[in-house]
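Number of protein chains: 4
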Amino acid sequence: MSVIPKFAIRQVIDRDALASRYFEVRSASERICAPLAVEDYVVQSMDETSPPKWHLAHMTWFFEQFVLGHFEANYAPYHPSYAFLFNSYYETVGKFFSRLNRGLLSRPTVEEVYRYRLHVDGAVRELLHSIDDRRLPELASRIELGLNHEQQHQELLLTDIKHTLAMNPLRPAYLAEALGPRGVSAPLAWLEHDGGVREIGHGGAEFAFDNEMPRHAVYVQPFRIASRPVTCGEYLAFMDAGGYARPDLWLSDGWRAVRERGWNAPLYWERANGEWWHTTLAGFRPVDLEEPLAHVSYYEADAYARWVGKRLPSEAEWEIAARDETRDGNFYESGRLHPAPSARTRQFFGDVWEWTSSSYAPYPGYKPLAGSLGEYNGKFMANQYVLRGGSCVTPSSHIRPTYRNFFYGPDRWQFMGIRLAE
Amino acid sequence: MSVIPKFAIRQVIDRDALASRYFEVRSASERICAPLAVEDYVVQSMDETSPPKWHLAHMTWFFEQFVLGHFEANYAPYHPSYAFLFNSYYETVGKFFSRLNRGLLSRPTVEEVYRYRLHVDGAVRELLHSIDDRRLPELASRIELGLNHEQQHQELLLTDIKHTLAMNPLRPAYLAEALGPRGVSAPLAWLEHDGGVREIGHGGAEFAFDNEMPRHAVYVQPFRIASRPVTCGEYLAFMDAGGYARPDLWLSDGWRAVRERGWNAPLYWERANGEWWHTTLAGFRPVDLEEPLAHVSYYEADAYARWVGKRLPSEAEWEIAARDETRDGNFYESGRLHPAPSARTRQFFGDVWEWTSSSYAPYPGYKPLAGSLGEYNGKFMANQYVLRGGSCVTPSSHIRPTYRNFFYGPDRWQFMGIRLAE
Amino acid sequence: MSVIPKFAIRQVIDRDALASRYFEVRSASERICAPLAVEDYVVQSMDETSPPKWHLAHMTWFFEQFVLGHFEANYAPYHPSYAFLFNSYYETVGKFFSRLNRGLLSRPTVEEVYRYRLHVDGAVRELLHSIDDRRLPELASRIELGLNHEQQHQELLLTDIKHTLAMNPLRPAYLAEALGPRGVSAPLAWLEHDGGVREIGHGGAEFAFDNEMPRHAVYVQPFRIASRPVTCGEYLAFMDAGGYARPDLWLSDGWRAVRERGWNAPLYWERANGEWWHTTLAGFRPVDLEEPLAHVSYYEADAYARWVGKRLPSEAEWEIAARDETRDGNFYESGRLHPAPSARTRQFFGDVWEWTSSSYAPYPGYKPLAGSLGEYNGKFMANQYVLRGGSCVTPSSHIRPTYRNFFYGPDRWQFMGIRLAE
Amino acid sequence: MSVIPKFAIRQVIDRDALASRYFEVRSASERICAPLAVEDYVVQSMDETSPPKWHLAHMTWFFEQFVLGHFEANYAPYHPSYAFLFNSYYETVGKFFSRLNRGLLSRPTVEEVYRYRLHVDGAVRELLHSIDDRRLPELASRIELGLNHEQQHQELLLTDIKHTLAMNPLRPAYLAEALGPRGVSAPLAWLEHDGGVREIGHGGAEFAFDNEMPRHAVYVQPFRIASRPVTCGEYLAFMDAGGYARPDLWLSDGWRAVRERGWNAPLYWERANGEWWHTTLAGFRPVDLEEPLAHVSYYEADAYARWVGKRLPSEAEWEIAARDETRDGNFYESGRLHPAPSARTRQFFGDVWEWTSSSYAPYPGYKPLAGSLGEYNGKFMANQYVLRGGSCVTPSSHIRPTYRNFFYGPDRWQFMGIRLAE
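Chains as they are written, first to last, in this note's numbering: chain A, 1 to 422; chain B, 1 to 422; chain C, 1 to 422; chain D, 1 to 422.
These aren't lab readings, by the way, just hints derived from the structure by calculation. Careful: at least some of the hints might be erroneous.
Chain copies aren't distinguished; within one or between two, either way the pair holds.
Below are the BS3-like pairs computed for lysine-lysine, each with C-alpha atoms no more than 30 Å apart in a straight line [as the list claims (entries may be wrong)]:
no., residue 1, residue 2
1, Lys310, Lys367
2, Lys95, Lys310
3, Lys95, Lys367
With the hints as extra help, turn the sequences into a complete structure.
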């Protein structure tokens, strides 16, 4: 993590610009929570999600632990128990409260968590203005990491809130006015790419996570990749053809998931009055067949691809194909908070994270960050799959072609979709 | 349930007196919740507990279902989903939301639940004043049942809140000023009782639950019963003598519980700085050895009794011994919210529920209430044990010598204690 | 356990008669296993059952531990690991192998287990003939306990074998020639009994388990009890009336069992070609509607009784009603190994164990055996129900009116049936 | 699967040579089982293992299903239930008995299973001699697949037997005389390899599984690979340095496995009298520090590599490094049945399967076999890791440089070891 955020480099690092970006990103987390009732902040709807209150405090602890604690020799933590409560998984930092029980904590209250945020924000601002020039680059670098971390949790906030609201029989909406006008998906076309030795991974000076580095050569066979993600209508055809009842289409672990979890549709889909409806952040709505499909597991993505005689792209193929595409897309800032057809782009960026066939593994020559920050990414490089491109709830400034997201095969609560290859 | 609450009988039933008792009991529930943060209303800390919000709504639904819905032919429920959400276990009334997931519901909000209470309270008051004289006795009877039901949940509110706060590493107190002055327990004496045929159970005109009836004859052997409950100090001697490590003292199911749950002390006890502390509703405090012991399971009560060469009383023995004792005691109204030594009474009533050796079973000739209310008590008459006497968080008007409480052998989160017999 | 088996008392205890009874009972265990393939000895079909091999060795260890080891100061165990492997649950004797994993042990082989039996039988015989007269009564007493223990396991051998064979898709029979001719059940009549103070429990000089003592007074209300057990045909009427789908008929724990375990018929019943069939020890057969019903849980017995507007008898009622009935019945020795209608008796003894409504609890004044043998019965006196009367696989010499068998509410793999009361 | 085993090609396929190889491989399975007691054939010691009896029958069912049933239009199965009992996981063939319950089946007996084998062997021989020349190549091809399948199960037979015997407190040996003389491991050296585009995968005419194909180009960075596997002594240094207590060395999923499963040493290792011992197929023995380490999970392999500052090789690196090495090694035929140091080879082949860092995934252009045989390999290509090289219980004729074995990260019961790379 020695890179310095690009915008902050002139001749010297601009402390004001950094402070301004800090407050912009931090306040975005609070804006996301604005529509919530106090009660919504408390609930953990399944093992994989966390209460919004916990996210807000954890992102703050991250700055306390890795910024304030790192630069101030005698830093006194805001509260003696918060490191225990809000450390997510940094084993080398100390013991932490069980992730499965985050929903059992009514205290600290929401108000106390916001007070905690204010306190830490003040301390970061002060540090930013008082630190000597020599240590400024490292501070800038660690703040940038903290802000990218915050943005990751902003997406999780939205997907976790969606999950919590969706399981409530009252079907509350997060923001009833989201979604926006309907559209029509473009016909599916195939983009041709030659094979050969190519380079992938992050190589520039801008911020990137350690798992995107180093840039390195790979050999790819010639391939074709779809011009847009799979739509709900296309996936419905798979469902109507009995896709969830044909073991020959599924990976063995996928078929077990289908039977054990009783899957017969994407997450959030429900049959009502003879039609398919689903929960969106704007409430319970009929499925729009033109929209990009979301909320399918790796296994469903793989089975669908097998059914149409195609396959999922590798992450190398995806990156090669995506890097010349426009990065403009349907991100969090669009306010839609749901995938939408696009007449304008090929939707490599935004809308839905796209499952690749690649297991999440270190690139050749991968070096994790030093110290406890080395736990950020590297230790998860087993049993997960890489997803690419960001979604409709990803902050737009957070994404890039080399960005590697990763989830377990059965996970579905992120906006996960499918792009085909062959 | 044809009995009419005694206080409400003169020549005719006094509608005002009934309305006044209704509001007194109902508002007590709200008074119990007054010290809570909104967040505290949401959490379900284990399968056996419920969020305070849920209790408040459920007690209200009980009046909607069994009072308003019973007397008003076209009664329109306050909300179409509340019967589903807040029915606890009445299978014959309709489907209900899984008890294990009550903590996953952030909505309805606390405010909405209080609005629900207000609405139903208004409707009950209106019904009480408008109903014709002919149906008034049945209404009075059902309201009385609802109020007794509410009082049961008031106790659960306090024990569930205690459990939730106790598992929070921040150790918040419910009411820091509770507890009061310390005292000293009287020396243990033995009260002698002859054997022979005796009558137990409820036979009068006052309200009692169906499970207390009918009054009936039993044969008891001569017995002696302790003059007060076991104290923390006495139980500590059992612990110090290795009681939790000696399988010969335990029932087989109890010994399994010890090993599987890692029990080595009563619930809420914790070793800190070489002393035993425990969580109380007034926060984390050193154990006072003079206090009556609470928060032990049936198995711990039984093992302790075996260790001292005694046994637990049967519920018949307990009732015979208790019925001539003063019913004055340390109940919810004392504000202490914790067991306390008494120089004044033998503590059959209040302080701690006392485990008896009797399985919870129907009395000979038992008849459950008609209709869905028959599910209130009868269907739980398997695999549970009877406890007697009420506790420091029981409303004092709720208890009587014939009152039968019941819990499973491993349960500990109520204020459950031990009285010996031989 | 100071009682001496009656038959063995003259002026002095007859060593030959005792030796002869010893060999008779011990060889019965081996006769039960004779139809088995070696492979059948190894399997544990569920947590509650044990492999036949384990039973054979455990019964033998019982004599080694409580007879040979007790009387011979320097007794050298046959094998240093057998106490660990074949101790069932005597915590005070030492550690033991997990009951859940008994089916994972391929060794010792069946042959080695039989060799173990031979060795111990020789040592017991030798002890019996060499012991001095002074210690003979205690030896006789302990041998008698060991033989009664062996008989209990003989019944378990047959019910465990039935369970193992029943779950095999090949549907092997234990003994194809068992069962015998069909019969017709007598019409149901009601036997009247007055109420009042009565005595129950074992009081004589013959052998009985500690849990049957002491004889003591109880008060019973007047009652009526059925003249025979419920038949398969009667129970089928309950099933056909939707009994398994009506929560109002079930105890709460019972209804949970119905849903979680998917019960819709007694254990071993299966729908085939439009009829009900079931697994018997003679293989897969159509259900004979005239036969006494077997293989129902306490919950099913209770629900059936509620459906017909009756109830289960208490164990006191059962004992009072049964003690003047003939003890002749359909026991193991009949070779039928299945319940059968009887024109001759009221079937209190044999055919099926009859669930009573009584929780298994100590009688007033109960004293367990001294030492480790005190673990035989007492520690199981929680959460179980008493069954009475013996079954078609109980050795006939093993049963008496005061005999208390006990199982958990959900257990079904014994021959458990229903006798009604009111 | 259109390839024809090389040895069987001259001008025409040699029916006698094929028959002779068939009987050689088939009888090897029986030779492996020869030291077993009947009881050993029945036990399933954990979910991942199968009873030897089941393996013997399953391998036979494979020939019945995919050879006899394929070529004989009216083939009558040997037993109507065997397809249900002995189909392992071929969903497209029909329903099958739950893999978790294979140890609950005492029947068919061992003798019946051997009779089944004889019957099918006779039918295959007859088919081999009677089939017309036109269909002979396909028959040869399917038999070859069946024999390779049989060899895979021969290895599983030995590892499953080892697991079953190891969990028995009696510590029986499979073959007390195995193991052989001790040796000394060569010093660790590093073999250098240039980077660039290389080809891996199977491309020849000999038999290979579908998952080894097609041969294809990959890009590898320059790498160095160890000259021999890690020894027990080297791994003990990691243990002594607290390797199992340092979360920073472990993948997140690995650390969870360490805590949840209580790992503190390789499988089968046990502390006895101050030394490390382990179960081998020759019984319980002190660990020989010179031997190649076996029975570690992927997570332990990965943590060890991190501790020494190295990494695991990718499967491409392994294959590139191994293909010029001698294939001679310590395989099943050596009779040692345990890893051993070698002064003679670099041990890429035999001794222990070597974990690679590569997730098990399809090669570019992978085509599964047609029909139900397509379930053989492809559907397992998720969440598993590739191991290479074969072990001391692999039949030597079964292995080749392109061979891809695969197991889940936590699996340890195969002979799994570590070769380092950097």
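Status of each hint after checking the structure:
no.: 1; hint: Lys310 <-> Lys367; verdict: between (35 Å within a copy, 12 Å between copies)
no.: 2; hint: Lys95 <-> Lys310; verdict: between (46 Å within a copy, 28 Å between copies)
no.: 3; hint: Lys95 <-> Lys367; verdict: within (25 Å within a copy, 48 Å between copies)
Every hint from the earlier list agrees with this structure, and none is contradicted.
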